[in-house]
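2 protein chains.
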Amino acid sequence: MVTIKEVAKEAKVAPSTVSRVIADSPRISEKTKQRVKEVMERLGYYPNLQARSLAAKSTRTIGVIMPASAEKAFQNPFFPEVLRGISRQAHATKYGIYLSTGTTQDEIHEEVVSMVMGRRVDGIILLYSRTTDRTMEYLMENGFPFTVVGRPYRNKNSITYIDNDNVGITKQMTEYLLNLGHTEIAFVGGNRDFVVTIDRLKGYREALAEAGISYREQYIFTNDMVSGNGKDAVKALMELPSRPTAIVTLDDLLAHEMIGSFEVCNIRVPEDISIVSFNNLSLSEHSNPPLTSIDIGTFNLGYQATQYLIEKIEDPETEPKGVIIPAELIERKSCAPLILTAL
Amino acid sequence: MVTIKEVAKEAKVAPSTVSRVIADSPRISEKTKQRVKEVMERLGYYPNLQARSLAAKSTRTIGVIMPASAEKAFQNPFFPEVLRGISRQAHATKYGIYLSTGTTQDEIHEEVVSMVMGRRVDGIILLYSRTTDRTMEYLMENGFPFTVVGRPYRNKNSITYIDNDNVGITKQMTEYLLNLGHTEIAFVGGNRDFVVTIDRLKGYREALAEAGISYREQYIFTNDMVSGNGKDAVKALMELPSRPTAIVTLDDLLAHEMIGSFEVCNIRVPEDISIVSFNNLSLSEHSNPPLTSIDIGTFNLGYQATQYLIEKIEDPETEPKGVIIPAELIERKSCAPLILTAL
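Here the protein sequences come in this chain order: A and B.
Quick note, in the UniProt record's numbering, the first sequence goes up one by one and the last residue is 343.
Quick note, in the UniProt record's numbering, the second sequence goes up one by one and the last residue is 343.
Hints are all accurate, no fakes.
When chains are identical, the list treats them as one kind, so a pair holds in a single copy or across two.
Using 35 Å as the maximum straight-line C-alpha spacing, the simulated DSBU-like pairs for lysine-lysine come out as follows: (1) LYS156 / LYS202; (2) LYS9 / LYS156; (3) LYS5 / LYS94; (4) LYS231 / LYS94; (5) LYS333 / LYS231.
By construction, these hints were calculated from the structure, which means they are not laboratory data.
As the structure is a computational prediction, the values presented were derived from the model and not from experiment.
Put together the whole structure using the sequences plus the hints.
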C-alpha cells in the first residue's frame, strides 16, 4: 500500500504537507494542493480507503495513551476520571480499552507503532498534547484514526481534539485573585513541553497585563504535571526575595501537597497565602481547607474524545473538529482577600 | 488441537475434574486420575504444551478484568491503585494492559472469551472472585494463563491467587471495636456473591463468637461493593429497633458516604457511632474525621498478580500458588470507646 511518505517524496513536500492537503488546510496554497493531489492519484493513494481498510479488520479496541507511565498517572485521580469517561462510551459501543504503560516518550512511541502496525487497536486517544510529538505526527502520516485530549500544537485543523478554553479559564482564575487584592501571584506546575501549560501561562499573563501588573519570570515554576514536587515548589517560593501572596497551581494534588508543606512552615492557607488550582478532584471538596479549583469536566473530556474517535473509526470521512468542554471555577475556602500585614 | 472438554467427555468426567487431575488435586481419587491421564495420553492432550503454543503467539498484553464496568470501578480509588501495581510490573516487563469494559457478568464473560479466542492477550488477571464464576471455569478449562486477586471459591490448589487474610483481618478489626466496649456492631457493604465478603463476614462472626456475643442477621447489610449506597445503609440502620454503636464497613468510600449521611441526621462519628473500614484510601487520611481503615496493600495485590501471571505466561509449568499480602489496621479518629449514654 502506498504511504503518505512516498506521496510526500514524489511531490517533494513534507509528509505533514500531504496531511494538510488531505485535510484541505487553508495554510497550503492551491498550487501545492493541486500538485500533491496529482501525485496521490498517480500513485494510487486514497487516504480514506486506507483508513477504511484498517478499520475493516476491526479489533473493537481503543488505545489510550497517557503522558507518562500508567503507574505514575494513576497516582492522580484525574486519569481514572478521564478513563471513566472513556470507559462509559467504550462500553456503550462495545469497545475494549488498551492502555499504554510506557514511561519515556520513546517507549510510548514504540507502543503506539506496535498498536498501529500490529492492528491491535482501531483508533487511539492521546491524553496529552506536546509542542513536539512524533507520535502525533506518526498517526497523522499513517492516516490512523485518533483524537487528542488537549489542543494540538500544529495541524489544529486536521485533528479532532477535545480541550478546555485553557487561556480563558486561567485568565478568569487569575482575575479572581486580582479581585481579592493580590498582585504578587505565582504560577506553579505543568511542563512547558505540554500545550496545556503554554495556554494556561498565556491566560495568566493576559490577566496580569490587563491589570497593568508586570510579568515576572521568577514567579513561574513549571515542571512535571503530576504531583511529587509540592515540597520543592514551596521551598523555591520561600527563597524568593519578595514572596507571592497567591498561587495559581495547575493541579489539585500539587496544591494539596503545597498546602501540607506550607503548614509545616507555619504558613496558613488562606490566611497567609491563597491557592487556586485545576481539576476539582473530589478530595478538594473534603480537604482542609476545601480547595478553590477549576472543574474542567474531566469525565466529559474522556467521554467525548472516545465518542469522536469511534465516529472517525466507523466513518473515516468524518471531518476533524475541535470541541471545547466548559470549565468552571468552584469557589471554596483556599483564597482570602489580601491583608497587607499577612506576610 | 484437543480441548479439555473432549478429554472430559471421553473420560466421562466433568471438565473441572480434568483440570483438577492436571493440577494433581488431592480431591480426585487415584483411580480417576489414572483414567483421565490415560485419555489425555490417548487423545494427545498436553496441557502445558497447549499453554505454550498460545504463549508462542505472544501479544505481550495482559487482560485485566474488573468485577463491574470500568466506569463504575474508576469511581473508587481502589481500582486505580490496583492498576498502578499492575502497570508497574507490566511496564517493567514490557507488557501492555487490556481493560474489560463490560457491565454484566455475561458481557464480561463474552469479553474474556473474545480475548482468549482472538489471542488478544497472553494472560488474564481477574480482579475479583465470585462463588460461581463461569469465566474462571472457562479459563481453567482452556488452560489459559490467569491469576486472581482474591481467593478462588473452588479449585484453590490449581489457581494462582493473591489475597489478604480477610478472615483474620476482619476478626482483628471487630475485636478492636469489641475492646472499645462495643457489642452492637453492624456489618455493612459487600455482596455475598463475592468470596471476599464471605471471608470477611466469617472473621466478623468469629470475633463475635469468641466474645460470647450472638450474631444477629439484622445487623448485616451486604450489597454492592462499590459505593453508591451509604445513604441507604444509614437509613436502614436508623430504622433498626436497637441501633448499633459501631460499624464494620467493607469499603472506605462507603464509609465516607455513611459519615456524611450520619452528619445530616446529627449523629456524630466517632462520638455517637464508631466506623472502621477497608482499603485505606488516601482520602481517609485527610477526611473529617480521619478514618480508621485496613491497609490491604492494594498496590501489591496488583503488582504480584501481574508478576505471577507473567511468570506463568513465560513458563507454563510454574506451579500454582496462593500468596497472602499482609494487611494492617491503621488507627485514626473514627472510633471511640462506647459511652452508654451516647445513643
